[in-house]
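Visitor: For the record, the sequence lines run as chains A, B and C.
At the far end of the first sequence sits residue 119, using the UniProt record's numbering, and the numbering has no gaps.
At the far end of the second sequence sits residue 492, using the UniProt record's numbering, and the numbering has no gaps.
At the far end of the third sequence sits residue 323, using the UniProt record's numbering, and the numbering has no gaps.
These are computed hints drawn from the structure, not numbers from a lab.
Heads up, a few of these hints could be off.
To be verified - Sample of chain B residues at the chain A side, in silico, Cβ under 7 Å:
(1) Pro223
(2) Glu227
(3) Ala231
(4) Ser232
(5) Tyr235
(6) Ala236
(7) Pro239
(8) Arg340
(9) Phe418
Said to hold, decoys possible - No farther apart than 25 Å at their CA atoms in a straight line, the calculated lysine-lysine pairs in the BS3-like style are these:
(10) Lys99(B) x Lys13(A)
(11) Lys465(B) x Lys226(C)
(12) Lys297(B) x Lys17(A)
(13) Lys253(C) x Lys465(B)
(14) Lys153(B) x Lys16(A)
(15) Lys44(A) x Lys465(B)
(16) Lys297(B) x Lys44(A)
(17) Lys297(B) x Lys51(A)
(18) Lys288(C) x Lys206(C)
(19) Lys465(B) x Lys13(A)
To be verified - Simulated restraints, written as ranges between beta carbons of each label pair:
(20) Glu261(C) x Ala24(A): 53 to 59 Å
(21) Gln316(B) x Arg234(C): 31 to 37 Å
(22) Ala55(A) x Glu298(B): 18 to 24 Å
(23) Lys80(B) x Gln28(A): 35 to 41 Å
Heads up, the beta-carbon is just placed ideally off N, CA and C, and yes, glycines get one too.
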Amino acid sequence: MVFIFGVNFNEQKLVKKALQSFYALGPQTADRILAKYSIFPGAKIGTLPPKTLTALTAELSTMNIESDARRVLQDNIKRLRDMGTYRGRRHAMGLPVRGQRTRNQTQSARKLNKVERWG
Amino acid sequence: MSTPNCLRCLVRPSAGIPVSGPMSRTATTATPIAALPLTRTLTAPFSTTAASNAAPRRAFQPAASTKGHSRVGKKLQLGKFKKDRVAERGRVPQPGERKAYRKRITLSNDNAIPVPWLTDLAPADMTAAENTARVLALPEEVQDQLRAGEAFKTTQCWGMFRKPAVLVRKETVNLANQMQESADNRKTLRLVVTGDKVAGKSMMLLQAMAHAHLNNWIVINLPEAHEITTASTEYAPIPNTDPVQYMQPVYVLKLIHAIKRANEQVLSKTYTIQAHPELPQNIPSNTPLLALANVAKEADGAWPVFQALWNELTAQKANRPPILLCLDGLAHAMKVSDYRSPSFERIHSHDLALVRLFTDALGGGVQFPAGGAVLAATSRNNAPRAPSMELALAQREAEARRGAGAAGVEVPQKDPFFRGYDDRVEAVLRSVRVLRVAGVDKLEARALMEYWAASGMLRATVDEKTVTEKWTLAGSGVLGEMERAALLTMRI
Amino acid sequence: MASSSRQGLTSALRGVSTRPNGGQRQPLEQQFQSLQLTPAIVHRRCMASQYNGRRDNRNNDITAAPEFDFGSFARKFALANYARPVPVSPSYFSRTPSFNDRYLTLEKLFRAYSNLPLIPAADAERIAWKTLADLRQSFGEPVKATDYVKCLTIVKRLHQIHPELKPDAVKSALQDFKRDVQAFLNVTNPIPIDKFGRALGVGKRKSSIARAFVVEGDGQVLVNGKTLPDYFGRVHDRESAVWALHSTDRIDKYNVWARVEGGGTTGQAEALTLAIAKALLAHEPALKPALRRAGCVTRDPRRVERKKHGRVKARKGFTWVKR
Numbered sequence: 001m002v003f004i005f006g007v008n009f010n011e012q013k014l015v016k017k018a019l020q021s022f023y024a025l026g027p028q029t030a031d032r033i034l035a036k037y038s039i040f041p042g043a044k045i046g047t048l049p050p051k052t053l054t055a056l057t058a059e060l061s062t063m064n065i066e067s068d069a070r071r072v073l074q075d076n077i078k079r080l081r082d083m084g085t086y087r088g089r090r091h092a093m094g095l096p097v098r099g100q101r102t103r104n105q106t107q108s109a110r111k112l113n114k115v116e117r118w119g
Numbered sequence: 001m002s003t004p005n006c007l008r009c010l011v012r013p014s015a016g017i018p019v020s021g022p023m024s025r026t027a028t029t030a031t032p033i034a035a036l037p038l039t040r041t042l043t044a045p046f047s048t049t050a051a052s053n054a055a056p057r058r059a060f061q062p063a064a065s066t067k068g069h070s071r072v073g074k075k076l077q078l079g080k081f082k083k084d085r086v087a088e089r090g091r092v093p094q095p096g097e098r099k100a101y102r103k104r105i106t107l108s109n110d111n112a113i114p115v116p117w118l119t120d121l122a123p124a125d126m127t128a129a130e131n132t133a134r135v136l137a138l139p140e141e142v143q144d145q146l147r148a149g150e151a152f153k154t155t156q157c158w159g160m161f162r163k164p165a166v167l168v169r170k171e172t173v174n175l176a177n178q179m180q181e182s183a184d185n186r187k188t189l190r191l192v193v194t195g196d197k198v199a200g201k202s203m204m205l206l207q208a209m210a211h212a213h214l215n216n217w218i219v220i221n222l223p224e225a226h227e228i229t230t231a232s233t234e235y236a237p238i239p240n241t242d243p244v245q246y247m248q249p250v251y252v253l254k255l256i257h258a259i260k261r262a263n264e265q266v267l268s269k270t271y272t273i274q275a276h277p278e279l280p281q282n283i284p285s286n287t288p289l290l291a292l293a294n295v296a297k298e299a300d301g302a303w304p305v306f307q308a309l310w311n312e313l314t315a316q317k318a319n320r321p322p323i324l325l326c327l328d329g330l331a332h333a334m335k336v337s338d339y340r341s342p343s344f345e346r347i348h349s350h351d352l353a354l355v356r357l358f359t360d361a362l363g364g365g366v367q368f369p370a371g372g373a374v375l376a377a378t379s380r381n382n383a384p385r386a387p388s389m390e391l392a393l394a395q396r397e398a399e400a401r402r403g404a405g406a407a408g409v410e411v412p413q414k415d416p417f418f419r420g421y422d423d424r425v426e427a428v429l430r431s432v433r434v435l436r437v438a439g440v441d442k443l444e445a446r447a448l449m450e451y452w453a454a455s456g457m458l459r460a461t462v463d464e465k466t467v468t469e470k471w472t473l474a475g476s477g478v479l480g481e482m483e484r485a486a487l488l489t490m491r492i
Numbered sequence: 001m002a003s004s005s006r007q008g009l010t011s012a013l014r015g016v017s018t019r020p021n022g023g024q025r026q027p028l029e030q031q032f033q034s035l036q037l038t039p040a041i042v043h044r045r046c047m048a049s050q051y052n053g054r055r056d057n058r059n060n061d062i063t064a065a066p067e068f069d070f071g072s073f074a075r076k077f078a079l080a081n082y083a084r085p086v087p088v089s090p091s092y093f094s095r096t097p098s099f100n101d102r103y104l105t106l107e108k109l110f111r112a113y114s115n116l117p118l119i120p121a122a123d124a125e126r127i128a129w130k131t132l133a134d135l136r137q138s139f140g141e142p143v144k145a146t147d148y149v150k151c152l153t154i155v156k157r158l159h160q161i162h163p164e165l166k167p168d169a170v171k172s173a174l175q176d177f178k179r180d181v182q183a184f185l186n187v188t189n190p191i192p193i194d195k196f197g198r199a200l201g202v203g204k205r206k207s208s209i210a211r212a213f214v215v216e217g218d219g220q221v222l223v224n225g226k227t228l229p230d231y232f233g234r235v236h237d238r239e240s241a242v243w244a245l246h247s248t249d250r251i252d253k254y255n256v257w258a259r260v261e262g263g264g265t266t267g268q269a270e271a272l273t274l275a276i277a278k279a280l281l282a283h284e285p286a287l288k289p290a291l292r293r294a295g296c297v298t299r300d301p302r303r304v305e306r307k308k309h310g311r312v313k314a315r316k317g318f319t320w321v322k323r
């Protein structure tokens, strides 16, 4: 088991997939991080030298991911709410924001849209 | 029109196909298969069902214990719900096991008939023109060396015969002579083998390697260029290089091991001319190169060791054997690789240190002290488009033909409206020779088919008619297609 | 008599007094009536009746209306001398008059010329005779099958008369029994071998068309500029393509340069078989039996059956379950 940015990963896990498991870190960013540290796309966590692991952790800690990214998201929604906009209201009501129909199939909105949005 | 059904699918091994004499006869007499009287037998020379055929057929008898009737086959299910069936799972393969199975090289088949007239390759055999259209076996030690150098490929039919043997064809003699000539003159032959699909390009490399091993050359083989450039192995920038080059430590470690095992004898008799204090293990001068190669134990220090080894091998004043450097799948080494630089730009293949080492040698930047050869083979299966390479090879070929006095040969020029050309590739291929491998002629085809028949793998009389038929079906004797048309017909 | 009472009636209607000579006019009127037949019937039925054209007296004083000059009318239209129409053909009242006529003609000719020398049936010119259906169609009569067979026996027998001695009457009589289109006159154009020694054969199969140039050579094959394995990935197709050469052991004697278009690989390969076989026959016509045994001579006429409405494919029905 290997720690990156406080998360424990299996040694067999691909580095790219491990990076993508962080919130707000997608394939593009993961690719760029791999290139930055000269890690080939098929590399697994277990093969990385400790030096690279620390460097990765350091890199991730400078990035706006996980709780930081979530806070940005929540701030944005909160701003909309405070301004009293329609979008903010829809968020608060847990309804679709961008004009979708509400007759049925609003599961995603009901699950996600709230002022203290998590995902 | 031919039959509506594929006859081949209906052919059974023991169905009255004319085969050569019985196995014992072939084994004891040293006559070639063509001279043997061909008898029409109904039994195959070997068969897994031989025992059952030999035994007198018995009528079906019910089992001794007749109490109770046990149904076989599908059972009627009356209930509405199926019973939970516990799936019997076999052993789950270990990681890498299936890949190893896929990539395994089988070099011998105990069921094949040993060919009595098959002789081993001698060091001078491939350069002799009289050996054209002969099938010669690879000696045991050369087999091991070639296997260590990964010269054999899974797509080749080694596993069908008793021992690996190669057909010496005109191109082989041509290539071996060019190699020998350059070694004699202490020059470096730079040559690209190209040709149609399954025409035998990789086999030409293998034959060149066999020739080199037989003549105590040092052979360095990069078996597949795509392993190096498709971002499937680790890489790291080499410090203090401008522009930045990249090493591939894991691959290089594997390569050093392969070189070591393939050239053990020669490397142990070749000595360093300078000390290498920078290596993890101090190597003084006048140490066998084998010891230098042995220093590489881990991927971390592999690249400096390889570099030291390469510097020693190419040191001008030293007493070195000739060197053969091979690479298969040239197109992959002539494109922008799939690796990314820290600034997220694609790295050109020629910026990978290992590829650059090869391309420098192919482009004429390196002279081997005792001569040798740098060979590359193109591939038609797994090959990305490399327009510059294709153009350069066509140009070199046309120039060679023009130089040989052929009239009306136009040297192809660049398409002015096409942007995909690569100057670095052009520079590398500016002065190489090109060897085009096409179909074999009928004499060579016949020799090969006689070998197949003598091994019991081709169940047909080898005469003018059969040879021509297969030769035509194979598009004027393309070897791989001949195998498909004649040899692999039973493979489903 | 009925005729005299009718005459009286006609005169009364006209308002003319009865005349002693009126009775002679009566058949003329009848004839005039009979002339009102449709042209087809007139053509079919040849009227054979005659009019005794005596002129009537004009010594009466009273004339009510200008008299119709039947005599000049009769002269204008030549009418027969008989009192009522008599058919020309003796079989006029039979079921199949024109057929019977011809049959009788043939029998008469057969009797007349039965002693002329014959040639063997195989040597006689091949003629496509009318079938029973053709005959019924052309005569418009319900000819019986047995009659047809009998008739055709005579026709064939007459046809066997030595052509130099065959009378014209027989020739013209047989003409009615020949089909309009004589398929046996069609001759396939022989495939020439050009100055380069090439023979061009064309073959088709399914929706593929192949043109193959076959020259003497050593067994090289190029299809659309590619070698055989390049063009046909499947070994079976390659074998199909050169099957004509293979089955006759000529694979090392000829080179083939072919263009194929349309259809899929199987169709193209088998179109090539036919094309090469035809071109090969131009070089060696004696191979025809061997090629026919190998199945390389006949064009396979099967095509994809068209899809029908109400069906999924040509014949497959839609799935349905009763209730």
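Visitor: The structure should be examined with respect to each hint, and the outcome stated for every one.
Guide: Evaluated hints:
1. Pro223: violated, 19 Å
2. Glu227: violated, 12 Å
3. Ala231: OK, holds: Ala231(B) within 7 Å of chain A, min 5 Å.
4. Ser232: holds, 6 Å
5. Tyr235: Interface hint status for Tyr235(B): holds (6 Å vs cutoff 7 Å).
6. Ala236: holds, 5 Å
7. Pro239: Violated, because the Cβ-Cβ distance from Pro239(B) to chain A comes to roughly 12 Å (cut-off 7 Å).
8. Arg340: holds, 4 Å
9. Phe418: violated, 29 Å
10. Lys99(B) x Lys13(A): Answer holds: Lys99(B) to Lys13(A) is near 19 Å, not above 25 Å.
11. Lys465(B) x Lys226(C): holds, 23 Å
12. Lys297(B) x Lys17(A): The hint is violated at about 30 Å.
13. Lys253(C) x Lys465(B): holds, 10 Å
14. Lys153(B) x Lys16(A): Not OK: Lys153(B) and Lys16(A) at ~32 Å, beyond 25 Å, violated.
15. Lys44(A) x Lys465(B): violated, 57 Å
16. Lys297(B) x Lys44(A): holds, 21 Å
17. Lys297(B) x Lys51(A): The hint holds at about 20 Å.
18. Lys288(C) x Lys206(C): Between Lys288(C) and Lys206(C) the Cα gap is close to 23 Å, so the pair holds against 25 Å.
19. Lys465(B) x Lys13(A): Violated, at about 59 Å.
20. Glu261(C) x Ala24(A): 53 to 59 Å: holds, 57 Å
21. Gln316(B) x Arg234(C): 31 to 37 Å: With Cβ atoms ~55 Å apart, the hint is violated.
22. Ala55(A) x Glu298(B): 18 to 24 Å: holds, 20 Å
23. Lys80(B) x Gln28(A): 35 to 41 Å: violated, 52 Å
Hint check: violations occur at hints 1, 2, 7, 9, 12, 14, 15, 19, 21, 23; the rest are consistent with the structure.
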